[in-house]
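A.B. asks: Single-letter residue listing:
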Amino acid sequence: MSEKIINNIKSKLVIKRTGNIKHNVFRGATYLLMLDMAFVFLFPFLYMVVTSIKSNKDLYDFTVNWVPRTIEFKNYILAYKALEYPRFFKNSFIMTTVTTIGHLLSCSFIGYGFARYNFSGKKILFSLVILSLIIPVQTIIVPQYIIFSNLKWLNTYLPMIVPTFFGYGLKGGLFIFIFRQFYLGLPTALEDAAKIDGCGFLRTYWNIVLPIAKSAFMVTVVLSIVWHWNDFYEPSIYINLPKLTMLPSRLNAIIAMVNTPPEEILAEVGHAEVESAINNAVLMAGTFLVTLPVLTSFAFLQKQFMQGIERTGIVE
Amino acid sequence: MKKSFKITGEKRHRLEGLIFVSPFIIGTLIFFIFPLFVSIKLSFGKLKKMEGFVIEWLGLDNYIRAFILDTSFIPMFLQVIRKTIVQVPLIIVFSILLAMLINKNIKFKGLFRTIFFIPFLLGMGDVMNQLLGLGIDKHVFSFVESNLLPREFLVYLGPKVVEAVESFFGIIVVVLWSSGVQILLFLSGLQSIPVSLYESAKVDGATEWEMFWKITLPMISPIMLLTIVYTIIASFTDISNPILAYIQSNAFRSLRFEYAAAIGWVYFLFIILLVSLVFILLGNHIYTTSELKGGAKNERKDY
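So the sequence lines, in the order shown, correspond to chains S and P.
Just so we're aligned, residue 1 is where the first sequence starts under our numbering, counting upward by one.
Just so we're aligned, residue 1 is where the second sequence starts under our numbering, counting upward by one.
Just so you know, the hints here were simulated from the structure itself, not pulled from any lab data.
Don't take every hint at face value.
Computed spacing ranges between beta-carbons, pair by pair [to be verified]:
1. P/LEU197 to S/ALA256: 56 to 66 Å
2. S/LYS57 to P/GLU210: 53 to 63 Å
3. S/LEU154 to P/LYS48: 45 to 55 Å
4. P/PHE37 to S/ILE94: 48 to 58 Å
5. P/MET100 to S/VAL25: 14 to 24 Å
6. P/LEU197 to S/LEU151: 24 to 34 Å
7. S/ILE94 to P/HIS13: 31 to 41 Å
8. S/GLY28 to P/PRO194: 25 to 35 Å
9. S/LYS4 to P/ALA206: 27 to 37 Å
Just so it is clear, the structure is predicted and the values come from calculations on it, not from any experiment.
Glycine included, every Cβ here is placed at the ideal spot set by N, Cα and C.
Build the full structure now, drawing on both the sequences and the hints.
C.D. replies: Below you can see the structure in the form of structure tokens.
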């Protein structure tokens, strides 16, 4: 009897061990695959950073791949000057901040209406939300342009900013959708309690609902910042005064500099060296400077954003 | 205050709802319905005066021009369609796989998630354009090649094969870089699947492979639909899309607003057609939340 039991346990142990080996091999393969993938995904970033600190000599030396021989911080100074960083950073910063605030205020508000209330025409309105997502901006950009030009809004940030306060603007429909999904998954108990205590509906929304909607806000903040910062299409149409352009489109200035170096830098560096001073390394330093604000804000919001993605229940 | 005292609870409820969505109603009228209406009118006519939108009716002239007279529009259009048909399925497959990988119980899960999101942060706008301008998609390939595939082997197969392999890798790399949002969407879908389903399947002796097809895929089918639609739209409104540049140059450089509007509508109708095709084809395979939860909820059907 006891022998049987022992044998039984032994055979189980053997199974477990082989299972472990199989499991470990599988696990190792998974990690390897993940590392490969991580490399591909990190590549643009790594390439940008590494190239941005290369000297001219390293740039054309094929033996230098990932580790530059010398670190050239001069690239960053040149790129900073060429971008006229402070001024255009301010432009992009103002635009991104105001549009993101607009999306947060309007989309959380509208999404709440769609999630909690029943009224006639709700289905039609919500299908308009989806339609506004599907329709490419280009289809209606011409009349929009004419409207804004009649309002004398060209060469201001208003054509980008004002629609965000009405649930439109860059992918506004998506944010309404995200907030609606979030509120749908939220239990109504708190709001009911507030209503019974005689709290008005707007106050209930402001004091009870908004504070617990943090995860939906985090998702919207990150997506809205990234999309607005990198947006090139609408600004390129509504703004043609060079001093009002956004920071990312200033990268073209560096490219222009690579082709025809401006006088001040010629005077500073000297004719002979100018060609080696302004190159792709400077361009990459510029791209890094341009993306830096987005990268830092993501680094700060990263944890809440990922949690938000899990909790908003976009699927549900 | 006296007035609101009189209205019944149900009416009040409706009114409150309307107040919440009122910004959207205003926005829709100004920024959506009105431009949409003008744009349709514009595509069938000629703009006489900017102020007041005086438009002369011309009939199908602009559309005829797009399909028959303009020799560059149709080839450009076909090129965009071809690119979309290649890229969308690849993006979907890769992002499901990657989402499943980072959903597994592994170390540095958070780190990998962040890494997969980095190309999205760089954006598909000006920054990525500069990077692609330096040919980094080819750089990735040359790195892979020098480590995995010996150059001699490829040369032996002939230049056509080299080119094919190179462009294949180029596409894959761009596909991977543009699937950040999709990975997140699938990840959130995967995490909403109750673990108990997998546990009971395991007890019944199901393999991983079976569980993927019988549990994971049906459970994420609603998010799949959402992601496919999102990907199609993203690919049609991408920066590298020549049609968009064409519309822009027609409207704002040659000042042919009417023609640009007509092309825009052809383009939009095609997207709608494609999206509804996806809905029809996949609609039968989608497990709605109501079905999964026993028919009590009916939220999914709205869209």
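A.B. asks: Does the beta carbon distance between S/ILE94 and P/HIS13 stay inside 31 to 41 Å, or does it fall outside?
C.D. replies: holds, 40 Å
A.B. asks: With 53 to 63 Å as the target window, see if S/LYS57 and P/GLU210 comply at their CB atoms.
C.D. replies: holds, 58 Å
A.B. asks: So the hint says 25 to 35 Å: do the beta-carbon atoms of S/GLY28 and P/PRO194 match that?
C.D. replies: holds, 29 Å
A.B. asks: Do P/LEU197 and S/ALA256 keep their Cβ atoms within the hinted range of 56 to 66 Å?
C.D. replies: holds, 58 Å
A.B. asks: Okay, S/LYS4 versus P/ALA206 on CB: inside 27 to 37 Å?
C.D. replies: Given about 30 Å between the Cβ atoms, the range holds.
A.B. asks: Given the range 24 to 34 Å, decide if the beta-carbon distance of P/LEU197 to S/LEU151 lies inside it.
C.D. replies: For P/LEU197 and S/LEU151 the Cβ distance comes to about 55 Å; the hint is violated.
A.B. asks: May I ask you to test the hint 48 to 58 Å on the CB atoms belonging to P/PHE37 and S/ILE94?
C.D. replies: violated, 32 Å
A.B. asks: Is 14 to 24 Å right for how far apart the beta carbons of P/MET100 and S/VAL25 are?
C.D. replies: Once the Cβ atoms are compared, 18 Å apart, the range 14 to 24 Å for S/VAL25 and P/MET100 holds.
A.B. asks: How does the Cβ-Cβ distance of S/LEU154 and P/LYS48 compare with 45 to 55 Å: does it lie in that range?
C.D. replies: The hinted range 45 to 55 Å is violated for S/LEU154 and P/LYS48, with Cβ atoms some 20 Å apart.
In this structure, the earlier hints numbered 3, 4 and 6 are contradicted, and the remaining ones agree with it.
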